[in-house]
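Going down the list, the protein sequences come from chains A and B.
According to numbering that gives the first Met the number 0, the first sequence is numbered sequentially starting from 0.
According to numbering that gives the first Met the number 0, the second sequence is numbered sequentially starting from 0.
Honestly, the hints are just simulated from the structure, not real lab data.
A few of these clues could be false.
[Claimed, not checked] Which stretches of chain B does chain A cover? Using the computed rule of at least three CB atoms under 8 Å from a CB of chain A, they are:
id, segment
1, 80-91
2, 96-102
3, 152-166
4, 217-225
5, 326-333
Yeah, the Cβ is synthetic: ideal placement off N, Cα and C, and Gly gets one too.
Number of protein chains: 2
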Amino acid sequence: MAEQHFDLLQRDDRTQARRGRLHTRRGVIETPAFMPVGTQGTVKGMLPEALVDIGAQVILANTYHLFLRPGHELVERLGGLHRFMHWDRPILTDSGGFQVFSLGDLRKIDENGVVFQSHLDGARHVLTPEVSIAVQESLGSDIIMAFDECIPHPATRDYTALSTDRSGRWAQRCKAARRDDDALLFGIVQGGMFPDLRRKSADELVSIGFDGYALGGLSVGEDADLMYAMMEQTLPHLPQDAPRYVMGIGTPENLIEAVARGADMFDCVMPTRNARNGVLFTRAGRLSIKQARYREDSGPIDPDCGCMVCRQYSRAYLRHLYQSNEILASVLNTHHNLAYYLDLMAGARSALDAGTFTAYRADFYQRRARLADEID
Amino acid sequence: MAEQHFDLLQRDDRTQARRGRLHTRRGVIETPAFMPVGTQGTVKGMLPEALVDIGAQVILANTYHLFLRPGHELVERLGGLHRFMHWDRPILTDSGGFQVFSLGDLRKIDENGVVFQSHLDGARHVLTPEVSIAVQESLGSDIIMAFDECIPHPATRDYTALSTDRSGRWAQRCKAARRDDDALLFGIVQGGMFPDLRRKSADELVSIGFDGYALGGLSVGEDADLMYAMMEQTLPHLPQDAPRYVMGIGTPENLIEAVARGADMFDCVMPTRNARNGVLFTRAGRLSIKQARYREDSGPIDPDCGCMVCRQYSRAYLRHLYQSNEILASVLNTHHNLAYYLDLMAGARSALDAGTFTAYRADFYQRRARLADEID
Numbered sequence: 000m001a002e003q004h005f006d007l008l009q010r011d012d013r014t015q016a017r018r019g020r021l022h023t024r025r026g027v028i029e030t031p032a033f034m035p036v037g038t039q040g041t042v043k044g045m046l047p048e049a050l051v052d053i054g055a056q057v058i059l060a061n062t063y064h065l066f067l068r069p070g071h072e073l074v075e076r077l078g079g080l081h082r083f084m085h086w087d088r089p090i091l092t093d094s095g096g097f098q099v100f101s102l103g104d105l106r107k108i109d110e111n112g113v114v115f116q117s118h119l120d121g122a123r124h125v126l127t128p129e130v131s132i133a134v135q136e137s138l139g140s141d142i143i144m145a146f147d148e149c150i151p152h153p154a155t156r157d158y159t160a161l162s163t164d165r166s167g168r169w170a171q172r173c174k175a176a177r178r179d180d181d182a183l184l185f186g187i188v189q190g191g192m193f194p195d196l197r198r199k200s201a202d203e204l205v206s207i208g209f210d211g212y213a214l215g216g217l218s219v220g221e222d223a224d225l226m227y228a229m230m231e232q233t234l235p236h237l238p239q240d241a242p243r244y245v246m247g248i249g250t251p252e253n254l255i256e257a258v259a260r261g262a263d264m265f266d267c268v269m270p271t272r273n274a275r276n277g278v279l280f281t282r283a284g285r286l287s288i289k290q291a292r293y294r295e296d297s298g299p300i301d302p303d304c305g306c307m308v309c310r311q312y313s314r315a316y317l318r319h320l321y322q323s324n325e326i327l328a329s330v331l332n333t334h335h336n337l338a339y340y341l342d343l344m345a346g347a348r349s350a351l352d353a354g355t356f357t358a359y360r361a362d363f364y365q366r367r368a369r370l371a372d373e374i375d
Numbered sequence: 000m001a002e003q004h005f006d007l008l009q010r011d012d013r014t015q016a017r018r019g020r021l022h023t024r025r026g027v028i029e030t031p032a033f034m035p036v037g038t039q040g041t042v043k044g045m046l047p048e049a050l051v052d053i054g055a056q057v058i059l060a061n062t063y064h065l066f067l068r069p070g071h072e073l074v075e076r077l078g079g080l081h082r083f084m085h086w087d088r089p090i091l092t093d094s095g096g097f098q099v100f101s102l103g104d105l106r107k108i109d110e111n112g113v114v115f116q117s118h119l120d121g122a123r124h125v126l127t128p129e130v131s132i133a134v135q136e137s138l139g140s141d142i143i144m145a146f147d148e149c150i151p152h153p154a155t156r157d158y159t160a161l162s163t164d165r166s167g168r169w170a171q172r173c174k175a176a177r178r179d180d181d182a183l184l185f186g187i188v189q190g191g192m193f194p195d196l197r198r199k200s201a202d203e204l205v206s207i208g209f210d211g212y213a214l215g216g217l218s219v220g221e222d223a224d225l226m227y228a229m230m231e232q233t234l235p236h237l238p239q240d241a242p243r244y245v246m247g248i249g250t251p252e253n254l255i256e257a258v259a260r261g262a263d264m265f266d267c268v269m270p271t272r273n274a275r276n277g278v279l280f281t282r283a284g285r286l287s288i289k290q291a292r293y294r295e296d297s298g299p300i301d302p303d304c305g306c307m308v309c310r311q312y313s314r315a316y317l318r319h320l321y322q323s324n325e326i327l328a329s330v331l332n333t334h335h336n337l338a339y340y341l342d343l344m345a346g347a348r349s350a351l352d353a354g355t356f357t358a359y360r361a362d363f364y365q366r367r368a369r370l371a372d373e374i375d
């Protein structure tokens, strides 16, 4: 990890926003970047070619899901996740921690790791820092995440301190367990909603030394203002020359605000899950395609969007597909929503290159205000 | 209809198979041709670009479904079905008869037409020959089907005669109701499983005069041998210089045998519906991708298939997608099955061009016998 994987290309002069470039063994990721979520070895409804077409540079895959089904050993025997799912750009894998801790009564934590029951068949499994790294390496991940506990919100200071300390020890074990030196390994800052614990966690991870640093435990039910405050009080303690990944966020506003606070990478199921429920993001806000007002609407989802869906299909057609429960409803809605998220980050990168990020951020809000009649 | 729309390019010298070319206002259809079914204004799971990619020349849309939802007037106001669904090649529409008659107790037939209740909301509607033609013209259909009764099997001779006579009178009314002279209008031969009634129906339709002739009421539960016998006893009574469309069939074998008996056009939900249930067609027969034997199978669905799915994905991955209930399972399975059906007809056309149809037909069966260990 002495090697330098991240080029800080540009820093905005009025915000903390950064324009960067992360080098992985499967190519470069221009940041700020949004990573579509491909939980089970597929971004739901998207062909890999379509992901490339809309500018996806990297996707996220879920260790927990692939560990259980089809199993990481099977994926490894078949040549790794990239070959399995026909995707040759970078893949970031989460550690499995977030899903395991979401299991509630089905899991038990101790210093060693987590014992849990599969949500599929109830079978008992053990996930430890060492197992998580080994599983991620089996999958062929290009960016491996340390195994940590994602602390629920609200949580007491005592529990947060105890859990964050343990995640720190787990981070050390993850680094020691690493075998694949060509993959990048990111540490995850925890500390709940306590700024001093966040800072302590950040300092500890930096002293261990990782290729990148993530903020975990955000977007877990807290207000956006509190989320932004935690970013403001944590991101400055991370090195400028390493990428910063805020996990699991968020709305388009969340992304713009996180970029302004110095974050580089994001993932979220929001664009994909919303798409399948007929909720579509536009530069005016968002709309629910099932509404009767779109029944005869010959316009595109978003007149300012240049994606394949907006070029070729009307809201009326998309409403018909949704009402008819057609597969193409999910396919086209997902395509548009992901294109919107990726365009939002591509626009931020261009603005940072041009030194106009503040104007870009202002324009984002002004368009919404101007077009607000379209927002539900 | 004095105009000639069909070129008979080649006749096989050992079978009744024909190589033809049907001219429509939206381009040419090389026959024999399979038409993917796009019931609700979308071929389930297929982007129009993907349909073009696998060589679909024409698709079928269902009048009954589009009449009820979103409504043909709406589609017409939005510029017609082609624009609505972003498909600029020919569309053939069925008459709505088949679906309406499938409603059982929810419909009542008399000389005028059919009164039925919507399967969606129970609302009462009337479908007559005149309404059916008007709806199909509203949709912008390029090949319009006459409104007829698809007689169930088995049926008595008395009912079959009564129904076939009425369908004949309806065919006359359809021709009289036609307004869009640029679209083609096909009559439908009925007559159940009674060769003399089939012949009478064929003669009657030919004397009315249509741009093409369909065989309806086949693949309704009868044995394949009876189906083939009905084709053998009906197709020779249709003019050589008009296209012949055998509706609603069938398996790959059915298509090969129908081509050998002089049929030119086909539609069936078999490739698309089977795909969504994980049943995939191969040159060896068919396989059920959910089976455990494919868990670690790194090979393609069909090693002799050149489609995008067989080039890029393993059976193991497709099994994983199917088991995980992923959208891409339906998308990829449908893509392959339709590619297989379209390739089967493209191969038949090439063989007819080269005068080798008999060898092509023999090879179709020999491959299955040779590779039979792969058949479930």
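Hints, verified against the model:
no.	hint	in the structure
1	80-91	holds (count 3)
2	96-102	violated (count 0)
3	152-166	violated (count 0)
4	217-225	violated (count 0)
5	326-333	holds (count 4)
Checked against the numbered hints given earlier, the structure breaks hints 2, 3, 4 and satisfies all the rest.
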